[in-house]
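S.K.: Chain residues, written in single-letter form:
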Amino acid sequence: MKRWTLFIPFAIFLLLGFFLWRGLYLDPKDVPSALVDKAFPEFELPTLVSGEKKSLSDLKGQVHLVNVWGTWCISCKVEHPFLVELAKSGVSIIGVNYKDDNDAALKWLKDLGNPYLFSVDDENGTLSMDLGVTGAPETFIVDAMGIVRHKHQGPITKGNWAPLAAIRDQLLNEVGTK
Amino acid sequence: MYSIKSVLTSSALLVLFVFSLSAQAIVDGHEYQFNSDDALQNASRAELFRQLAEELRCPKCQNQNLSDSNAMIAGDLRRELYSQVQDGKNSEQIVDFMVNRYGEFVLYRPALNNKTLALWYGPFVLLALAGIIFVSVILARKSKNKPTVVTAETIDKSTEQTVDPLSADEEKRLDELLNSAPSNKTEKEDL
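Residue numbers (our numbering), protein chains in the order written: chain A, 1 to 178; chain B, 1 to 191.
Just so you know, the hints here were simulated from the structure itself, not pulled from any lab data.
Ideal Cβ placement from N, Cα and C applies to all residues, glycine included.
Honestly, I wouldn't trust all of these hints.
Straight line, CA to CA, 30 Å or less: simulated DSSO-like cross-link-like pairs of lysine-lysine [claimed, not checked]:
1. A:Lys-110 x A:Lys-99
2. A:Lys-54 x B:Lys-60
3. A:Lys-2 x A:Lys-88
4. A:Lys-38 x B:Lys-60
5. B:Lys-89 x A:Lys-99
6. B:Lys-115 x A:Lys-29
7. A:Lys-60 x A:Lys-99
8. A:Lys-158 x B:Lys-60
9. A:Lys-29 x B:Lys-60
10. A:Lys-110 x A:Lys-53
11. A:Lys-77 x A:Lys-110
12. B:Lys-144 x A:Lys-107
13. A:Lys-88 x A:Lys-60
14. A:Lys-151 x B:Lys-60
15. A:Lys-151 x A:Lys-60
16. B:Lys-89 x A:Lys-38
17. A:Lys-2 x A:Lys-53
18. B:Lys-144 x A:Lys-2
One side only, chain B facing chain A, incomplete, derived with CB under 8 Å [said to hold, decoys possible]:
19. Arg-50
20. Lys-60
21. Gln-62
22. Asp-76
23. Glu-80
24. Val-99
25. Asn-100
26. Tyr-102
27. Gly-103
Using the sequences and the hints, build the whole thing.
M.R.: Structural data, given as structure tokens:
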């Protein structure tokens, strides 16, 4: 046997070690969204506040964040003040109130502020299912053509907003040049 | 008076009747009933439901299928799955529905494509590789350990080929070593 062949097991060990080490820094919850670069699903749902029917066409023509939330969702409460702040700075956010009690949701908006242009009442979770939502909060960045360009799982915070803002700015520029 | 026998047969018939019409799948403690008029269809739909609830992964959970998970989304998807099976959708249509929304992550049995080729055939390739290494090692050992007929001639040949004659220096060292060995031994015994 040649001498170098003795090092094969060590080489395999190093290779495995490398992959396991890389694996430590992967987030298993970071599931790629099936919806990115596809059209936002069709919907027709009443808004929470006025009950007016909204559909996909109400989304088009502008870049929006579509934020899936519910009063039962604790991370949404964490996220909410920052959304209010964003809305004040001119970011247009549309809410999808996911399987929620309407009274509780209205009270939430009244007490904590309403950052949404409008929130649709997705009582049965049909829109959320079409969006592939697995839990709240989830936020989609939708371009002016109604195409989903990015999906963010979990609360948006000051800390993780910067890359999302960059994506949004880029989309805003796309609208500007067209 | 009813005889016991007739009561038994009639209740057996009743049980048979009830179970032949409807079929059910019990998943996570919930019963999902399939009771249309067509008994065969009920059974196949219940089976499809059970099978898909096992094969589809809860998108919120790391490693649970729809039937195992208590997550809200798993419950919703079970209901969706149930209503789609009730509507007579086939396995492919339902799987497409799920993949379009939640991505291939939900498939415990991923589709065979370029991306998943290594996943599907990698283990077999590794197994074949291991087999090849195993066989080659065994063959190498076998040829090495082959008993050779030792004759004066072969010894002569082998020594001629592989062992250089000792130099004068080496002869001297060898002598020293051989002569000192017994004295070492006695010293040890003394201690």
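S.K.: Of the hints stated earlier, which fail here?
M.R.: 3, 12, 17, 19
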